[in-house]
Amino acid sequence: MADSTQAAAAPKPSSSVKLVLLGEAAVGKSSLVLRFVNNDFQPNKEPTIGAAFLTQKTHLPTRTIKFEIWDTAGQERFASLAPMYYRNAQAALVVYDVTRASSLGKARHWVAELQRQASPGIVVCLVGNKVDLAEGDDGPDAEEEEGADGEEDGQGEAAAAAAVKPAAVKPAADEGAVRKVSTKEAKAYAEEEGLLFFETSAKSGLNVSEVFTAIANAIPEASLKGGRAGANAAAGAGTQAAIMAGADSSKVNLNAKAGGDKGQEGCAC
Amino acid sequence: MQDDLKPTLGEQDRSLSLTKSPPEAPRTDHDELRSIPGDTVPSVEVSRELTPPPLPPRPRLEVQGRPATSSGSSLRLSKRTSRPQLLSQPTTALSLTDVHPQGRLESGSLQSSPASRPVSRKQSASHLGRFAGSSESGGDDSASLRSYAPTLDARLDGESLLGGLVETEETPAWRALSAQIERDDPFGNIETVDNEFSSQLEHEFDSLETGENDLRTEDDLLELWKAKLKHFFILSASGKPIYSRHGDDHLISHYIGVAQTIISFYQGADDPLKSFTAGDTTFVMVAKGPLNLVAVSRLGESEPQLRTQLESLYMQILSTLTLPSIEKMFSKRPSTDLRRPLEGTDVLLDGLADGFTRGSPSTLLSALECLRLRKTHRRTINETLLKVRSPNLLYGLIVAAGRLVSVVRPKKHSLHPGDLHLIFNMLFEAGSVKASDGENWVPLCLPVFNNTGYLYMYVSFFSTSSSPSSNNDTTSQTGSERPASKVKDDELAIVLISANRESFYELRKMRDDLVLQLEKNQSMSLIKTAIHAGHQPCTDIVPGTPLRHFLYKSRGNVQFTMPSFEPHFHGLVAKRKLMSLYASLHENLHSRTAKTKVVHVVGKEATALAWETPLFELFCVAGPGATRSQLAAGANRVVQWVRREEERVFIIGGAVF
Numbered sequence: 001m002a003d004s005t006q007a008a009a010a011p012k013p014s015s016s017v018k019l020v021l022l023g024e025a026a027v028g029k030s031s032l033v034l035r036f037v038n039n040d041f042q043p044n045k046e047p048t049i050g051a052a053f054l055t056q057k058t059h060l061p062t063r064t065i066k067f068e069i070w071d072t073a074g075q076e077r078f079a080s081l082a083p084m085y086y087r088n089a090q091a092a093l094v095v096y097d098v099t100r101a102s103s104l105g106k107a108r109h110w111v112a113e114l115q116r117q118a119s120p121g122i123v124v125c126l127v128g129n130k131v132d133l134a135e136g137d138d139g140p141d142a143e144e145e146e147g148a149d150g151e152e153d154g155q156g157e158a159a160a161a162a163a164v165k166p167a168a169v170k171p172a173a174d175e176g177a178v179r180k181v182s183t184k185e186a187k188a189y190a191e192e193e194g195l196l197f198f199e200t201s202a203k204s205g206l207n208v209s210e211v212f213t214a215i216a217n218a219i220p221e222a223s224l225k226g227g228r229a230g231a232n233a234a235a236g237a238g239t240q241a242a243i244m245a246g247a248d249s250s251k252v253n254l255n256a257k258a259g260g261d262k263g264q265e266g267c268a269c
Numbered sequence: 001m002q003d004d005l006k007p008t009l010g011e012q013d014r015s016l017s018l019t020k021s022p023p024e025a026p027r028t029d030h031d032e033l034r035s036i037p038g039d040t041v042p043s044v045e046v047s048r049e050l051t052p053p054p055l056p057p058r059p060r061l062e063v064q065g066r067p068a069t070s071s072g073s074s075l076r077l078s079k080r081t082s083r084p085q086l087l088s089q090p091t092t093a094l095s096l097t098d099v100h101p102q103g104r105l106e107s108g109s110l111q112s113s114p115a116s117r118p119v120s121r122k123q124s125a126s127h128l129g130r131f132a133g134s135s136e137s138g139g140d141d142s143a144s145l146r147s148y149a150p151t152l153d154a155r156l157d158g159e160s161l162l163g164g165l166v167e168t169e170e171t172p173a174w175r176a177l178s179a180q181i182e183r184d185d186p187f188g189n190i191e192t193v194d195n196e197f198s199s200q201l202e203h204e205f206d207s208l209e210t211g212e213n214d215l216r217t218e219d220d221l222l223e224l225w226k227a228k229l230k231h232f233f234i235l236s237a238s239g240k241p242i243y244s245r246h247g248d249d250h251l252i253s254h255y256i257g258v259a260q261t262i263i264s265f266y267q268g269a270d271d272p273l274k275s276f277t278a279g280d281t282t283f284v285m286v287a288k289g290p291l292n293l294v295a296v297s298r299l300g301e302s303e304p305q306l307r308t309q310l311e312s313l314y315m316q317i318l319s320t321l322t323l324p325s326i327e328k329m330f331s332k333r334p335s336t337d338l339r340r341p342l343e344g345t346d347v348l349l350d351g352l353a354d355g356f357t358r359g360s361p362s363t364l365l366s367a368l369e370c371l372r373l374r375k376t377h378r379r380t381i382n383e384t385l386l387k388v389r390s391p392n393l394l395y396g397l398i399v400a401a402g403r404l405v406s407v408v409r410p411k412k413h414s415l416h417p418g419d420l421h422l423i424f425n426m427l428f429e430a431g432s433v434k435a436s437d438g439e440n441w442v443p444l445c446l447p448v449f450n451n452t453g454y455l456y457m458y459v460s461f462f463s464t465s466s467s468p469s470s471n472n473d474t475t476s477q478t479g480s481e482r483p484a485s486k487v488k489d490d491e492l493a494i495v496l497i498s499a500n501r502e503s504f505y506e507l508r509k510m511r512d513d514l515v516l517q518l519e520k521n522q523s524m525s526l527i528k529t530a531i532h533a534g535h536q537p538c539t540d541i542v543p544g545t546p547l548r549h550f551l552y553k554s555r556g557n558v559q560f561t562m563p564s565f566e567p568h569f570h571g572l573v574a575k576r577k578l579m580s581l582y583a584s585l586h587e588n589l590h591s592r593t594a595k596t597k598v599v600h601v602v603g604k605e606a607t608a609l610a611w612e613t614p615l616f617e618l619f620c621v622a623g624p625g626a627t628r629s630q631l632a633a634g635a636n637r638v639v640q641w642v643r644r645e646e647e648r649v650f651i652i653g654g655a656v657f
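Respectively, the protein sequence lines represent chains D and F.
Residue numbering for the first sequence is 1 to 269, as defined by full-length UniProt numbering.
Residue numbering for the second sequence is 1 to 657, as defined by full-length UniProt numbering.
Simulated from the structure, these hints should not be mistaken for lab results.
Check the hints yourself; a few may be wrong.
[What the hints assert, rightly or not] Here's a subset of chain F near chain D, in silico, CB distances under 10 Å, partners left out:
1. L201
2. E202
3. H203
4. I262
5. I263
6. F265
7. T320
8. L323
9. P324
10. E327
11. L342
12. V433
13. N440
14. P443
15. L444
[Said to hold, decoys possible] Each computed DSSO-like pair below joins lysine-lysine, with the alpha-carbon atoms no more than 27 Å apart:
16. F:K240 with F:K328
17. D:K57 with D:K12
18. F:K240 with F:K228
19. D:K66 with F:K240
20. F:K509 with D:K57
21. F:K332 with F:K387
We put the beta carbon where it would ideally sit given N, CA and C, even for glycine.
From just these sequences and the hints, can you work out the full model?
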């Protein structure tokens, strides 16, 4: 699984996958990555500036996937830089915050942009983060979760956002439900667009590694490239060339299109 | 009492000129300033605009009656002739651009003052008279408070550093000396409310927002807000709040409204308000195009110092958005809410603001500090940088805990302290970049370099704590330097800047090569050793003198060096007071009307000396009871030490391609 322990996987073939995280500011993109890469969580994380680049390996039964992760800043002014990061990406995580309805709208926008402009074969996963704030809360109509207020400032960028832009959205409003995006709504949208879908909590770690495993399984074999050389090729300009190279190089051919992963579909809440 | 001081000054100058006289003595600031407009940075227009005019010869006031005068001036001449090649070479890695507005004012005023004796003397006499008056009334004001300040002696030495200053104001010695000081002692007020001040400063950086959910009423919040010693506000010309260090919109909206009214009233009269004081609080306004910036300080800072701080905040906004884009937004819609485009940058503005509130030598002096390294070691690092340089690189920096290790830059572009300060703030004060635990690719505008477009900055951090050379007792010194910073002081950052937004992987490869090479030629371990060694204690640098701390700024290199704050200045309050003392000394040297080149302050708890020459600015602080001659001797020892160590404590030239 996607543990930080990089087990000795000598015989397994390894390939690099370029993955980009997109989504509105303060939905918890960096916190998801931090949980995945370091199995750590920082409350009150400061907003990302520009983009951060991290790598992490995921060990599948038959191969090792090395994720090269672009964790982008969600602020509006960085939007024009996004193509630089999702170009050539084989996977994208579009993240929204289940306690903030506007963030799903922004996620839809990113999905549309990816479908228009990213590589055709890109694997897109829709992720609703911060479900820890909405435990036992099934949707906008459910009753308010009692500990929500207390947990609010612990949750990822939510607190940072509240501190940083006081006038901006208060994720856990005092009235009504904490959850503002129901699982059903998001799931329906994901199915409609053919996206992987999970609900996660970077704070508790719920479903975080599952997201990356599912993506790793969903990457078409053809777009996987061999270890070092592949990484360098991806690093350079031409994905197309890299994809060709990947197709040529004889890779073990298991789990080409891991459709079974759709079955996992997070939603553990 | 002017005459009283003179023999000492003469002595100082004589001993200084003795050390100056060898031919290998470092070139004067004077020469370097001359060389700028012609050769050093010809292609950077911004830099040329801001380059201060060549410094005129020092006014004769100080040198009059000094036997060493003639030798001083002849020295300068001989140096110029003996090392003519210096004139046409870039002499430093850093540009001489002085982003200090008061620096410009100062050189302007210097220029305008003809070096004729009668005039100078008259000016100084008028200061004297004015000061005597203000000093008296100041004494009256604080008399009641002062006489009941009971804890002066009970406190720690460092904490009560400024303790004696107000009290001694009454003594004849203080009166005599205060004629040397341009204005009323600005930190006296802090002293009288010392305990209160200490506790206020402890809470200065507490967030108002975190406790919002609990029991606090609005009034409580307002009280907390008012208790802050320093506020910064940024608002648009139409009065929309853009940034406030403390308090949310709800809390500050009234005050923003008042500020806007006052500012626009005077702007409407075509006579913009620059600053005013109310009690011990100074208000400073800076108008920058569509933005108004306001600083409110009870820390006793001078107007030019606050103005510099506001300029720096403005630079941060430019760095985020670039000038053309701000102008475009506001010309399209004057009521633009700039907070949305600036979203997420409050951490950067807060980092700057808190740095100013804590007081940083770097900001005060508009200079940078370097990591002390042997000359040969630094040269090896420079050569390595040049060797692995990738084609798209514009600037490369190796930075250790806010101190510069090495720089690589193109010949025609220099690096500006103002820009570097923004970068350092982003890396070391705001945790955003560091916290991500990976590599970063950050678009930013370096406003002094070019305020119209973005550059792209690759940042990679290394922790040096695993270094085998980490020795036990010095780590406390390294750790003590940035008390409020979340970033540990043993962080090493490699910063590579390119104008090409696609060059991330290229620069990443350069970083890999660089680290590999530095490990191979042992430079990495040398850097780590130097980081862990921290600042030298003052007693190691100038043993046998009563000096406790000093700041030495090389004006030519736009860099400064200082010893460790330990053991005398431990903790936030002690350091803030030390910085206040430095700030007041700095103000005495640099205020528009100041003609003094040497300032000597005696207090019950501390004595201090400030000394300015075309080559350097030196600020020394010693314990109470240090005599003037001891201080002067100490100052000379510091100057000698810097002479010896110049190529270790400063980066001279850097790696240029």
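Checked hints:
At a threshold of 10 Å, the smallest CB-CB gap from L201 of chain F to chain D is about 21 Å, leaving the interface hint violated. Taking 10 Å as the C-beta contact cut-off toward chain D, the hint placing E202 of chain F at the interface is violated, the least distance being around 20 Å. Taking 10 Å as the C-beta contact cut-off toward chain D, the hint placing H203 of chain F at the interface is violated, the least distance being around 17 Å. With a cut of 10 Å, the hint placing I262 of chain F at the interface with chain D is violated, because the nearest CB-to-CB distance is about 24 Å.
Against a cut-off of 10 Å between C-beta atoms, the interface hint on I263 of chain F is violated, since the closest Cβ of chain D lies about 22 Å away. The criterion of a C-beta within 10 Å of any C-beta in chain D is not met by F265 of chain F, whose closest approach is roughly 27 Å, and the hint is violated. Nearest Cβ of chain D to the Cβ of T320 of chain F: about 7 Å, under the 10 Å cut. The hint holds. Violation of the interface hint for L323 of chain F is found here, the shortest Cβ-Cβ separation to chain D being roughly 15 Å, above the 10 Å cut-off.
The interface hint given for P324 of chain F is violated, since its Cβ lies 14 Å from the closest Cβ of chain D, which is over the 10 Å cut-off. Interface restraint check: E327 of chain F against chain D, minimum CB-CB distance 16 Å, threshold 10 Å, status violated. Evaluation of the L342 of chain F hint against chain D yields a held restraint, the C-beta minimum of about 8 Å falling below 10 Å. Because the smallest distance between the Cβ of V433 of chain F and any Cβ of chain D comes to about 6 Å, under 10 Å, the interface hint for this residue holds.
For the restraint placing N440 of chain F at the interface with chain D, the shortest Cβ-Cβ distance is roughly 5 Å, inside the 10 Å limit, so the hint holds. With 10 Å as the threshold, the beta carbon of P443 of chain F comes within range of chain D, its nearest partner Cβ sitting at about 6 Å, so the hint holds. For L444 of chain F, the suggested interface contact is upheld, since its CB lies about 8 Å from the closest CB of chain D, less than 10 Å. Taken as a hint, the K240 of chain F and K328 of chain F pair is honoured in the structure, with Cα atoms around 17 Å apart against an allowance of 27 Å.
The hinted pair formed by K57 of chain D and K12 of chain D meets the criterion: a straight-line CA distance of about 12 Å does not exceed 27 Å. The suggested pairing of K240 of chain F with K228 of chain F holds, with an alpha-carbon distance near 22 Å, which does not exceed 27 Å. Using a Cα cut-off of 27 Å, the hinted pair K66 of chain D and K240 of chain F is violated, with the two alpha carbons roughly 47 Å apart. Distance restraint check for K509 of chain F and K57 of chain D: the Cα-Cα separation of roughly 20 Å lies within the 27 Å cut-off, and the hinted pair is therefore satisfied.
Among the hinted pairs, K332 of chain F with K387 of chain F is inconsistent with the structure: their alpha-carbon atoms are about 48 Å apart, more than 27 Å.
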